[in-house]
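One line per chain: the protein sequences are E and P, in this order.
For the first sequence, position 114 (counting from the first letter as 1) is numbered 114 according to our numbering, and the numbering increases by one without interruption.
For the second sequence, position 113 (counting from the first letter as 1) is numbered 113 according to our numbering, and the numbering increases by one without interruption.
Hints were generated in silico from the structure; no laboratory data involved.
Bear in mind that the values here come from a model prediction, so they are computed numbers and not experimental data.
For every residue, glycine included, the Cβ atom is placed at its ideal position computed from N, Cα and C.
You may find that some hints are simply not true.
Listed next, the stretches of chain P that the computed footprint assigns to chain E, with coverage defined by at least 3 CB atoms under 8 Å from CB atoms of chain E [said to hold, decoys possible]:
no. : stretch
1   : 27 to 39
2   : 99 to 106
3   : 137 to 147
4   : 165 to 178
5   : 189 to 203
6   : 206 to 219
Heads up, simulated DSS-like pairs for lysine-lysine below, C-alpha to C-alpha not over 27 Å straight-line [said to hold, decoys possible]:
no. : chain 1 : residue 1 : chain 2 : residue 2
7   : P       : LYS114    : P       : LYS63
8   : P       : LYS141    : E       : LYS199
9   : E       : LYS199    : P       : LYS9
10  : E       : LYS185    : P       : LYS114
11  : P       : LYS114    : E       : LYS109
12  : P       : LYS9      : E       : LYS92
13  : P       : LYS162    : P       : LYS141
14  : E       : LYS197    : P       : LYS114
15  : E       : LYS393    : E       : LYS12
16  : E       : LYS76     : P       : LYS181
17  : E       : LYS76     : P       : LYS9
18  : P       : LYS9      : E       : LYS404
19  : E       : LYS12     : E       : LYS458
20  : P       : LYS63     : P       : LYS141
21  : P       : LYS9      : E       : LYS66
22  : P       : LYS141    : E       : LYS66
Far from chain P, by Cβ distances over 10 Å, these chain E residues were calculated [to be verified]:
no. : residue
23  : LEU19
24  : GLN79
25  : HIS173
26  : GLU460
27  : THR479
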Amino acid sequence: MSVQHYQASQFKQQASDALANQTLRSNFRGAMDYLQQKRKDAFSDPQELAQLREHAENIRQRCLSKLPQLLEQLEKNCQANGIQVHWAEDAKQAQQLIAELIQSQGATKVVKGKSMVTEEIELNQHLEGLGIECVESDMGEYIVQLAKETPSHIIMPAIHKNKQQVADLFQQHIKDFDYTLSVDKLIQTGREALRTKFKQAEVGISGVNFAVAETGTLCLVENEGNGRMTTTVPPVHIAVTGIEKVVEFLSDVPPLFSILTRSATGQHITTYFNMISGPRRAPERDGPNEVHLVLLDNGRSQAYADEALRKTLQCIRCGACMNHCPVYTRVGGHAYGTTYPGPIGKIISPHLQGLAQTSDLVTASSLCGACEEVCPVKIPIPSLLQRLRHDAKLPAAEQTPSLKGQASAASWTEHTAWRMWAWLSTHPSIYNWAMAVGVKLAKYLPMPMGEWTRCRNKPELASQTFHQTMKRRASKSLTRSATGGGR
Amino acid sequence: MAVSNSNAKQNIMQRLAAVSALAPTNQTSANAWQASSPEQALARFEQSLMAAHADVIILENAKQLSACLLELQQQHQWQTALYGEGGEWSKVFSLALAEHLQLNHFLQPFEQLKTALFDSTDVTFTGCAAGIADTGTLVLKPSADEPRSLSLIAPCHVAVIKASQIVDNLSQLISEQHWHKGLPSNVVLISGPSKTADIQQTLAYGAHGPCQLIVIVINGE
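Let the sequences and hints guide you as you build the complete structure.
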């Protein structure tokens with residue numbers, strides 16, 4: 001199986017292709033309108049929303065401020081509960097570690113619940129290369145896996161597909177499928193196909209929504225029951241999470257859980273909230289015999305090192321920012337070429353892949369601020385985008401640690417132009433002369449101004465410079481004062 | 001188990017620890033929903049569960065449970081059922097239903113029951129550790145008495161809860177039951193039957209777990 005991979009470095013071309021795809025645009029438009037309305041309905045009391053957002057932000061910031069200690073505490077308490085804890089610095093280490101865990105069981109059949117972090121490390125492809133079948137158990141993930149695609153949304157992975165496309169996929173891949181466009185019947189088809197996989201699976205892999213340091217508990221949020229199946233039926237459960245998902249207290253969970261579900265899909269609560277604090281204990285009769293937790297860095301400690309960029313790690317993966325983003329709504333998730341698309345993806349991906357690969361992404365925003373306005377933990381996404389735009393062009397100031405790929409989008413021409421501008425601005429007489437000449441000549445320039453004039457008219461310059469206008473106004477005002485006029 | 005781990009932890013912790021002192025954060029709180037009376041809590045519990053597509057039956061007292069179970073069996077024509085032997089209501093399940101359908105105890109390890117649970121069990125019965133009025137949520141603490149797969153695999157799950165077990169919100173439950181002092185291997189919160197909207201945002205029930213959730217509330221208890 002070769003998955004169709006999009007590249008962050010090809011964003012512009014991928015976005016153009018997406019914009020030209022009418023079906024895709026229609027699917028996204030419908031889905032985003034639906035999700036926006038659902039979120040709006042879920043937060044009918046603005047005062048409650050404001051209070052909850054502030055509280056959620058503070059919880060995340062407090063937990064991040066103690067991250068090293070909380071990770072130690074989480075490890076200790078998980079181990080006390082019988083959960084085996086492993087650490088991985090990057091995607092490759094995580095792949096190898098998880099593969100070793102699976103192979104040590106002699107297992108070849110794995111089911112995996114929805115987990116963006118395993119998408120991030122391209123786990124399926126790695127396991128497949130080792131002859132291990134890893135079936136996605138979330139209905140949306142299963143659909144994109146059949147389509148040999150990656151998820152296009154972090155909450156609703158197959159949001160880019162309509163029911164006709166899903167039915168076509170099932171017909172292609174599921175034996176004895178009785179072709180139908182009934183969503184109920186399509187879901188039942190997926191249910192039956194995946195039940196066979198649950199029964200056969202030797203290992204279940206899941207993500208983690210909140211890892212509670214205080215009790216060594218892994219919390220999973222879901223609606224379908226596939227997450228519970230994945231973590232209950234196979235004899236071994238491997239949970240994978242980024243190091244930032246740790247929370248300090250169990251009492252931190254209810255407010256975060258509440259704001260997560262309402263922000264994501266407008267649900268007051270999800271069907272299942274699964275709290276796992278260890279493997280099956282004697283004399284229990286079910287549940288996995290082994291539970292493993294893999295803690296992954298993969299660029300997160302880079303974001304952590306910078307006070308501003310650290311706010312990126314507050315994210316609780318609700319997807320509200322992408323649901324409200326005018327860019328995401330039009331180009332969809334695949335165009336970004338990253339595991340996490342949309343506004344949050346634009347600020348996380350530079351840490352995962354480096355700015356060299358993602359420098360186009362940080363410019364793919366109108367900075368309208370919708371993402372920040374809906375973010376349940378108040379991540380200042382627009383200002384972080386501006387910061388990353390700066391870093392993509394120039395090395396950071398000396399006191400800040402460097403980001404992978406800093407200055408990768410720097411251009412000699414642009415840099416020189418700005419240096420000239422700076423020099424000109426500090427030499428008033430030459431500046432005024434150059435501006436006056438520039439204003440006179442600008443209207444004769446027939447140049448197209450790059451991307452700007454592809455869909456806009458060339459801006460017309462005023463007949464006078466700003467300085468000339470102000471000078472004229474000042475002199476008029478002086479004259480009026482001298483003659484006692486003005487009224 | 002020996003799995004390659006190299007110095008990953010040490011390196012990650014070193015990078016995190018290298019960060020200069022972080023600013024303290026503000027202490028805040030958020031008010032969760034609270035009922036003004038037990039009646040209001042029960043009403044919200046019922047409404048929320050029904051909004052999530054669960055069936056809710058409210059009984060006046062525990063004596064009505066047997067008749068209710070039998071009526072449900074006849075209505076749904078269940079042929080096979082499974083329940084946990086040591087659960088709070090297990091004797092009632094047994095007395096009410098043993099003569100009317102094939103009623104099995106969850107006595108063996110899961111591995112021996114797996115095929116029957118997936119392929120030939122119509123309904124499963126459990127009690128509940130608590131209920132949350134705010135969100136219409138059942139709180140289950142699976143154990144050897146009532147294993148976790150009882151509420152997960154069969155197409156229908158029937159849960160019995162006393163009205164006195166219903167609290168206002170999750171924060172209150174965590175605090176009152178001192179969950180921070182330690183939790184069982186699994187706690188699961190259930191707020192309706194399994195569902196998904198993964199295909200064209202169209203809600204469909206019974207994605208992987210039970211298609212139907214029936215909650216019986218004993219009001220007099």
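To see whether the hints hold, each was checked on the structure:
Judged by the Cβ-Cβ criterion of 8 Å, the stretch 27 to 39 of chain P is covered by chain E as claimed, because 6 of its residues qualify and three suffice. By the rule of at least three residues with a Cβ nearer than 8 Å to a Cβ of chain E, the coverage given for the stretch 99 to 106 of chain P is violated, with 1 such residues. By the rule of at least three residues with a Cβ nearer than 8 Å to a Cβ of chain E, the coverage given for the stretch 137 to 147 of chain P holds, with 5 such residues. Interface restraint, the stretch 165 to 178 of chain P with chain E: holds (5 residues with C-beta to C-beta distance below 8 Å; minimum three).
With a threshold of 8 Å between beta carbons, the proposed coverage of the stretch 189 to 203 of chain P by chain E holds, since 14 of its residues qualify and at least three are required. Counting residues of the stretch 206 to 219 of chain P whose CB lies closer than 8 Å to any CB of chain E gives 5, which reaches the minimum of 3, so the coverage claim holds. Only pairs whose Cα atoms come within 27 Å are accepted, and P:LYS114 paired with P:LYS63 is rejected, the gap being roughly 33 Å. Using a Cα cut-off of 27 Å, the hinted pair P:LYS141 and E:LYS199 holds, with the two alpha carbons roughly 23 Å apart.
Proposed proximity of E:LYS199 and P:LYS9 is contradicted: the alpha carbons are some 35 Å apart, above 27 Å. Restraint check for E:LYS185 and P:LYS114: satisfied, since their Cα atoms lie roughly 25 Å apart, inside the 27 Å limit. Proximity of P:LYS114 to E:LYS109 is assessed by CA-CA distance (about 17 Å); at most 27 Å being required, the pair is judged to hold. For a cut-off of 27 Å, the pair hint linking P:LYS9 to E:LYS92 stands: about 15 Å separates their Cα positions.
For the hint linking P:LYS162 to P:LYS141, the alpha-carbon distance of about 15 Å falls within 27 Å, and the restraint holds. Distance check on the hinted pair: E:LYS197 and P:LYS114 sit about 13 Å apart at the alpha-carbon level, within 27 Å; holds. Between the alpha carbons of E:LYS393 and E:LYS12 the distance comes to roughly 18 Å, so the proposed pair stays at or under 27 Å and holds. Distance hint between E:LYS76 and P:LYS181 is fulfilled; the C-alpha atoms sit about 15 Å from each other, no more than 27 Å.
Annotation: proposed proximity of E:LYS76 to P:LYS9 holds, straight-line Cα distance about 13 Å (limit 27 Å). Among the hinted pairs, P:LYS9 with E:LYS404 is consistent with the structure: their alpha-carbon atoms are about 21 Å apart, no more than 27 Å. At most 27 Å may separate the alpha-carbon atoms for a hinted pair to count; E:LYS12 and E:LYS458 meet this at roughly 22 Å. At roughly 25 Å between alpha-carbon atoms, P:LYS63 and P:LYS141 fall within 27 Å of each other, so this suggested pair holds.
Our distance criterion of 27 Å between C-alpha atoms is met by P:LYS9 and E:LYS66, whose separation comes to about 16 Å. For the hint linking P:LYS141 to E:LYS66, the alpha-carbon distance of about 30 Å lies beyond 27 Å, and the restraint is violated. With a least CB separation of 21 Å from chain P, E:LEU19 remains clear of the 10 Å interface cut-off, as annotated. With a minimum CB-CB distance of about 12 Å to chain P, E:GLN79 clears the 10 Å threshold, and the non-interface call stands.
Distance to chain P confirms E:HIS173 as a non-interface residue, since its nearest Cβ pair spans about 15 Å, more than 10 Å. Separation of E:GLU460 from chain P is adequate, the least Cβ-Cβ distance of about 45 Å exceeding the 10 Å criterion. With a least beta-carbon separation of about 55 Å from chain P, E:THR479 lies farther than 10 Å from that chain, consistent with its non-interface assignment.
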